[in-house]
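Quick note, the sequences are listed as chains R and X, same order. Its first residue numbered 99, the first sequence is counted upward by one per residue in my numbering. Its first residue numbered 99, the second sequence is counted upward by one per residue in my numbering.
Hints in this document: simulated from the structure, not taken from any laboratory. Every value quoted in this text rests on a predicted model; they were computed, and no experiment measured them. Take these hints with a grain of salt, some might be off.
Which copy? The list can't say, so a pair holds if one copy fits it or any two copies do.
No farther apart than 20 Å at their CA atoms in a straight line, the calculated lysine to any residue pairs in the SDA-like style are these [to be verified]:
#	residue 1	residue 2
1	Lys113	Ile229
2	Lys194	Tyr163
3	Lys108	Ile118
4	Lys135	Ile178
There are 2 protein chains.
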Amino acid sequence: MLEDIDKNYKDSSLKQKYNIIKGNRYIMEEAIVPISKALKLPMDDVVDIFVKIYDSASLYESHAYVEQAKMGCLGRRVDIDLGLCWIADFFGLISKNDADLIRKKVVEDTIIRKKPYNESLEEGRALAVKILKGEE
Amino acid sequence: MLEDIDKNYKDSSLKQKYNIIKGNRYIMEEAIVPISKALKLPMDDVVDIFVKIYDSASLYESHAYVEQAKMGCLGRRVDIDLGLCWIADFFGLISKNDADLIRKKVVEDTIIRKKPYNESLEEGRALAVKILKGEE
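Isolated chain R, as found in the complex:
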């Protein structure tokens, strides 16, 4: 009997957690989808992992984390795509400060100003080249 109550409670808590995630388009698009793509895992498996690890309260609060992750992980992609990792961090051909400005510009153009990533990236690339050549 107690076991049944416990099981019912767990089932309804699990169901609630699934509903929180699946009902939140932002979490689905900006967290579940990119993780599913990177790990080549079905989206349902990624949802399962979130449900297993997070409680409902944390899931309700996850909007802020998703926003941070979106900005932060895009910034790291810019580092790779523009070679900032090489030219700033390891070879010091441009300053870390200049690299921060370029990265921030591409991330903000993409996420806040809604430019396509490749377009933002091309502008970041042009800026990096100008700085490298001492024209900026």
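Starting from the structure of chain R, add chain X where the hints point.
Showing chain X alone in chain R's frame:
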């Protein structure tokens, strides 16, 4: 007259620096080529930038930096390609320690054990999925 000497000295120093870079296959392949690709700049332009910024002594010593950059920047690519940025750094679905192990394994398999990057990445991906699902 003094101007001529100065100019000759500069020319020969420049030539020496070009020769150091162009004669070093490792620097060409592991620094000039990836930067040239990332910035979509002709390789000669990238060589020009190195020659402008570095003196000969630093160029002779750059082998160590190139090695570090190669490992470091590949690690950052792994973070993006496997979504470690998301699952470890922002969502805490796996520990930073586990993410470090996965990243290190992929980088070492690729650079030290000379496995193709995509193959190393697939193994890293399988490991990440196992850890996420609590099977490891």
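Taking the hints in turn, this is what the structure says about them:
With identical chains, the CA atoms of Lys113 and Ile229 are never at most 20 Å apart, being 53 Å at best within one copy and 24 Å at best between copies. In this homomeric assembly, Lys194 and Tyr163 come within 20 Å of each other (Cα to Cα) only across copies, at 16 Å, whereas the closest approach inside a single copy is 26 Å. For a Cα distance limit of 20 Å, the shortest separation of Lys108 from Ile118 inside one copy, 15 Å, qualifies, whereas the shortest one across copies, 67 Å, does not. With identical chains, the CA atoms of Lys135 and Ile178 are at most 20 Å apart both within one copy (18 Å) and between copies (11 Å).
The structure fails to meet hint 1 from the earlier list, while all remaining hints are met.
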